[in-house]
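Engineer: Here is how the chains run, residue by residue.
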Amino acid sequence: MARTVWDSTVGKKAVMAVSGLIMLLYLIAHMIGNLKIFFGAGEFDHYAHWLRTVGEPFMHYEWTLWLIRVVLAAAVVAHAVSAYQLSRLDLRARPRTYVHKRPRAGYATRTMRWGGVILGLFLVWHLLDLTAGTVHPGTFRPGHPYRNVVSDFSHWYSNVVYIAAMLALGLHIRHGFWSAAQTLGAGSRTRDRALKTVANVLALLLTAGFVAVPVGVMTGVVS
Amino acid sequence: MKLTLRVWRQKNAGAEGHMSTYEVDGISPDMSFLEMLDTLNERLILQGEEPVAFDHDCREGICGACSLVINGEAHGPERTTTCQLHMRSFEDGDVIDVEPWRAAAFPVIKDLVVDRSAFDRIIQAGGYITAPTGSAPEAHATPVPKADADYAFEHAECIGCGACVAACPNGAAMLFTSAKVNHLNVLPQGAPERETRVLDMVAQMDAEGFGGCTLTGECATACPKGIPLTSITHMNKEWLRATRKAARR
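Protein chains in written order, with the UniProt record's numbering: chain A, 1 to 223; chain B, 1 to 249.
Calculated directly from the structure, the hints in this document are not laboratory data.
A quick note: this is a predicted structure, and the numbers were derived from the prediction, not measured.
Accuracy of the hints is not assured; some may be wrong.
Calculated pairs, DSSO-like style, for lysine-lysine (alpha carbon to alpha carbon, straight line, at most 27 Å) [claimed, not checked]: (1) Lys11(B) / Lys110(B); (2) Lys237(B) / Lys146(B); (3) Lys11(B) / Lys101(A); (4) Lys237(B) / Lys196(A); (5) Lys2(B) / Lys101(A); (6) Lys110(B) / Lys101(A).
One chain only, chain A, in its complex shape (with noise of 0.2 Å):
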């Protein structure tokens, strides 16, 4: 079966729907957490560290961490690598392009596969800057989430990587969610207007959620 489905097409948009869900899921739940900035280092720090002990005393130290970010891992290889796949056998397809050109498509439609790359190199930077610590600007704190959010959204460029990225994601969720429904076969004529809001509403409530922590430091209401 998954020989079957990794080689179709249409299998191997299943597997960017399911991957593309797996990492929506996250993302709400991520989202969620950084807002916990806007109510003091102490709560903030506090859920940061209770990441690490989820699932205890079941679960050891930072277990259900490391579940999560292997099925995180593995989700974004299956996504990038079906979309490398799928992106090349597009091109081959349509060796030509018309003389006569006309505008096609929505601007959230025609920026996936850019807008993925530039996902996926902001992911790489993200995790060096908040994970990692290696290319955070100023001083990196380990086990101090609460300052490292703080001292990298002094800089400038973080807020101009972090916010640029965002609207990227927003861009990408607005056509991936609904993408994913048709994909996965959950779409048909009488819920397509709900799909779509669902995509706009989760597209904007991430965007929102998440630049607003950025925006929270450059406005000084996080310090």
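Fit chain B to the given chain A structure using the hints.
Structural biologist: Just chain B, lined up with the frame of chain A:
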């Protein structure tokens, strides 16, 4: 009407093509687009030039032979076939670009004619039902719910022109294949091959070198028969269902 046409000319499948410019005069707004091309060809023949080759047959919008990309749109600015597109949709003095369907799976044979036999092979892979031959069965022997009959008919309207492939930025044949799959899969007559049909037709579609679906919706916008984009959604559902069932066997 006086028009300037820029037409794709290509001697044969192996030759390099190019856009050629022609002026046509005395065009009536009531002419169909193909009649306008006939006018051009008559003149070209009289001048001893090679006429522009293009596909056409019934000229009443039901056969699916005509296949022109006009000003970047499959079948031109109206949601109909090229043969049912009339010159009243254009203005006097317009410059009109006429190109063949563009897709790796639809190689150009000559000028505006492409080879669409990839579609035939997709149909051969599963676009049929197993039925005993003989006299027509009694109509009430197999009841079909009205909603299913309507659904099947909506998809059976596909004339296989290939506008969906031409319009798709990925050169994908998903709308065509889904119309053919759904048309038969929803009916009791198509039930025995319900799983093999969708699996085999999608596999053939991939083997022909069509691209994948990115749900841009260009296909459904271009379709002269109004096959809806949700047709693709339903085929995806059928495909996933068939894959699960095949795995359990």
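Engineer: Which numbered conditions among the earlier hints are violated in the structure presented, ordered from lowest to highest?
Structural biologist: When the structure is compared with the hints, none of them turns out to be violated.
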